[in-house]
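Peer 1: These are the residues of each chain, in order.
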Amino acid sequence: MSDPRYAIGIDLGTTHSALSYVNLQTSDGEKTQHGVLAIPQLTAPGTIEELPLLPSFLYLPHADELAPGENNLPWQQTAEEQAGVAGEMARSRGATTPIRLVSSAKSWLSHPGVDRRSALLPNDAPEEVARVSPLEASTRYLSHLRKAWEQAHPEAPFGEQAVTVTIPASFDPGARELTADAARAAGYTNLPLLEEPQAALYSWIQGSEGRWRKEVKPGDIILVVDVGGGTSDFSLIAVLERDGVLEPHRIAVGDHILLGGDNMDLALAHLVARKLAANGTQLDAWQMRALTYGCRTAKEKLLADETVATWPIVVPSRGSKLIGGSIRTELTRDEVSTFILDGFFPKVEASARPAVRQRAGLTQLGLPYAQDAGITRHLAAFLARQVGATAELEGYAGKQSADATFLHPTAVLFNGGVFKSDLLAQRIMGTINDWLYMEGAEPARMLGGADLDLAVARGAAYYSYVRRGSGVRIRGGTARSYYVAIESAMPAIPGMEPPIQALCVAPFGMEEGSEIELPNQEFGLVVGEPVQFRFFGSSVRRQDQIGDLLDFWGPDELIEMNEIQATLSPEGRVAGDVVQVRLHAMATESGTLELAAVANDGQRWKVEFDVRNA
Amino acid sequence: MTNSNQPLPSFFSRISIAIGAFFRTLSDAEYAARLSRIDEAPQPVAAPVAPAPAPAPAPAPAPVTLRVATPDAALQLLSLFQREARLIDFTQENLSAYSDADIGAAARVVHEGCAKVLKEHFTIQPIRSEAEGSRIELPEGFDAAAVRLTGNVVGKAPFKGTLSHRGWRSAEVRLPKLAEAHDASILAPAEVEL
Chain W
-10 MSDPRYAIGI
0 DLGTTHSALS
10 YVNLQTSDGE
20 KTQHGVLAIP
30 QLTAPGTIEE
40 LPLLPSFLYL
50 PHADELAPGE
60 NNLPWQQTAE
70 EQAGVAGEMA
80 RSRGATTPIR
90 LVSSAKSWLS
100 HPGVDRRSAL
110 LPNDAPEEVA
120 RVSPLEASTR
130 YLSHLRKAWE
140 QAHPEAPFGE
150 QAVTVTIPAS
160 FDPGARELTA
170 DAARAAGYTN
180 LPLLEEPQAA
190 LYSWIQGSEG
200 RWRKEVKPGD
210 IILVVDVGGG
220 TSDFSLIAVL
230 ERDGVLEPHR
240 IAVGDHILLG
250 GDNMDLALAH
260 LVARKLAANG
270 TQLDAWQMRA
280 LTYGCRTAKE
290 KLLADETVAT
300 WPIVVPSRGS
310 KLIGGSIRTE
320 LTRDEVSTFI
330 LDGFFPKVEA
340 SARPAVRQRA
350 GLTQLGLPYA
360 QDAGITRHLA
370 AFLARQVGAT
380 AELEGYAGKQ
390 SADATFLHPT
400 AVLFNGGVFK
410 SDLLAQRIMG
420 TINDWLYMEG
430 AEPARMLGGA
440 DLDLAVARGA
450 AYYSYVRRGS
460 GVRIRGGTAR
470 SYYVAIESAM
480 PAIPGMEPPI
490 QALCVAPFGM
500 EEGSEIELPN
510 QEFGLVVGEP
520 VQFRFFGSSV
530 RRQDQIGDLL
540 DFWGPDELIE
550 MNEIQATLSP
560 EGRVAGDVVQ
570 VRLHAMATES
580 GTLELAAVAN
590 DGQRWKVEFD
600 VRNA
Chain Z
8 MTNSNQPLPS
18 FFSRISIAIG
28 AFFRTLSDAE
38 YAARLSRIDE
48 APQPVAAPVA
58 PAPAPAPAPA
68 PAPVTLRVAT
78 PDAALQLLSL
88 FQREARLIDF
98 TQENLSAYSD
108 ADIGAAARVV
118 HEGCAKVLKE
128 HFTIQPIRSE
138 AEGSRIELPE
148 GFDAAAVRLT
158 GNVVGKAPFK
168 GTLSHRGWRS
178 AEVRLPKLAE
188 AHDASILAPA
198 EVEL
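Chains as they are written, first to last, in my numbering: chain W, -10 to 603; chain Z, 8 to 201.
Treat the hints with care, as some may be off.
For lysine to aspartate or glutamate, the following DMTMM-like pairs were computed, each having C-alpha atoms within a straight-line distance of at most 20 Å [to be verified]:
#1 LYS123(Z) with GLU39(W)
#2 LYS290(W) with GLU119(Z)
#3 LYS264(W) with GLU319(W)
#4 LYS123(Z) with GLU19(W)
#5 LYS123(Z) with GLU70(W)
#6 LYS290(W) with GLU236(W)
#7 LYS126(Z) with GLU236(W)
#8 LYS595(W) with GLU583(W)
#9 LYS310(W) with GLU144(Z)
#10 LYS310(W) with ASP150(Z)
#11 LYS595(W) with ASP566(W)
#12 LYS595(W) with ASP442(W)
#13 LYS184(Z) with GLU100(Z)
#14 LYS20(W) with ASP323(W)
#15 LYS310(W) with GLU127(Z)
#16 LYS203(W) with ASP232(W)
#17 LYS336(W) with GLU383(W)
#18 LYS184(Z) with GLU59(W)
#19 LYS310(W) with GLU198(Z)
#20 LYS264(W) with GLU324(W)
#21 LYS126(Z) with ASP251(W)
#22 LYS206(W) with ASP442(W)
#23 LYS123(Z) with GLU91(Z)
#24 LYS409(W) with ASP251(W)
#25 LYS163(Z) with GLU187(Z)
#26 LYS167(Z) with GLU198(Z)
#27 LYS163(Z) with ASP150(Z)
#28 LYS184(Z) with ASP17(W)
#29 LYS310(W) with ASP107(Z)
#30 LYS264(W) with GLU144(Z)
#31 LYS126(Z) with GLU39(W)
#32 LYS184(Z) with GLU39(W)
#33 LYS206(W) with GLU236(W)
#34 LYS123(Z) with ASP442(W)
#35 LYS184(Z) with GLU77(W)
#36 LYS310(W) with GLU100(Z)
#37 LYS206(W) with GLU319(W)
#38 LYS126(Z) with ASP442(W)
Don't read these hints as lab results, they were simulated from the structure.
Isolated chain W (complex conformation):
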């Protein structure tokens, strides 16, 4: 394999994907030559346009819906690929025929309650639509990007370039592995995964062309607030100094919050639709979509310009009578600020926590959307949970007063199109600085100059570049520690589940490429019979070492995840035999975690995170 000519970064987003690249041959140190690939995609039947973003939507057309050749792309497609259209046309067609539209595949990929390899999307499609799995949909977007690259750069085959794909920092090991699987299925080789908030910081570092060293100093704690189209993601990155060189360390990541900019536009559209309904005008699905677009524009205008009091929204008629049939309405500044600022970014106390409501007994199979829309409340909970994140960090001892109730960030980096509205970024800054003021800490500053839409893809390309040896790298390792449940040896008490202990199988901060063995603990596994373990993760227990057995833990400390499963294949053994195995944990180079059961004779079996719900 020849040396790569480009470092490629791919942002596989919930609503949009993008590909950015750095030219390795013309880049040197912190001066990089980079670009964003224009992605050919169908925008209407038979019409191909090159757009900087690929909407992450897949439309599964009816056999009679498109004339032959109308869904051709500039490259050869397999029959399977022909069965679905990805990109802008999928999004616009899907608005009028939602039963054939696959959307938010990425959120489904991280949905622990479903079998993510089974064909379940679109989840409200009628019987005759051939559904696809969240994994397959992600594969489709990734392979579309790969082919777009190969078409534009025949001289630099994709498989030979250094490629990075981004994932939310909050993805659990199962979702990370599924993303890696999707990438492999799309023909990606040797790829590392990168957390999106880290990518945003990389992009900021790259964009500053070296000036970042003046803007951050040792001892800084950077809070990255990434509000994408469909998810919100928080990370904390501490800036250390080692041998005179600044070294950012990612010290904590937040939980997965399904709440993003699209929810805000949709919420506004419903507000306006209710106003219209009160006057006797009902909107259909097509008009709702037009209204949502209108609301997005109105929101951006009203939040950006204080002199504008109202912004008109026109929902065009469905039929050809545009003038008589269009509906005119408007959005006022008051409505937007109450709805968006107070609804999604309320000014709350540092002690505020997101409301958790009991789910109704019977829930439909659907995405587990955040129940509390207040992003600032999620943020308060995150910072409070991570109050001890820097306690054992070199150079951070005593920086924070002992009675602090939350971790004090010193700088904030925003990412995501939502923050094009300065007002929203200012609201978060103001809220955090109020919290800091109440605890007598210095206000945090905002790191400016980020490219809000393409930062993740750009940062990922830059990461592919720095992995090759030039430029600054963010350290961190795994962002959680992991545990399996062990039933404690106790006499059975009627009516009570036996209490469990949690055995640490992978400690916090495992560096890429490291492997450790669980000492003193052997499990007897029956050959040919799958064995399941209850599996837990913790984003706060940094001190636990592998093999530590916990009897007690705080209610928020350990989060139960999907069960994991090991099946000993009967190869060379007799089914039914019991084999003594030890558990090994590996943090792979590609950024995933792997657990393996290893027999005394060295044979190993992979422990699956992604157990099929049979």
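Guided by the hints, dock chain Z onto chain W, whose structure is given.
Peer 2: What follows is chain Z alone, placed relative to chain W:
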């Protein structure tokens, strides 16, 4: 969006044309192909919009050739204007039946959509960067296609006058590519909801 005949470029503008052509040949295979064909026959690029019948400046009495714009690009643009701005719907209606408020509401859709099409598919720049109303001087050999003289047009260059319109130029056209069998005359398909 004029795309008509131009006088021969000056030496300095030829330098920039040569450099531009050099880089574009490297990056744009289609352009390179056109360039390699340039000596064969003067095949003009299809104009993106309505035909601008341009008589070639005839130094010698050569036969006047008029080029015919291909309808596909024009149809494609109409289809974009309809899709994004409902322009055909708008112009097909009889305005006398409606109040100005209704027309105004629809005009917002048309305005916003047309602006989007222009922004996405063309790079439109003013020809003159000076403020309208300011006095400017046109040197000898100015581009008569890009600057139109009006009023008291006498004497010879350099001409001094007031800029009444800045003019517009499309520096770049990015129309979508079409599938081989695509029927561009369908500007907007009929829609049937099942």
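Peer 1: Sort out which numbered hints this structure fails and list those numbers smallest first.
Peer 2: When the structure is compared with the hints, numbers 4, 5, 6, 7, 9, 10, 12, 13, 14, 15, 17, 21, 22, 25, 26, 28, 30 and 37 turn out to be violated.
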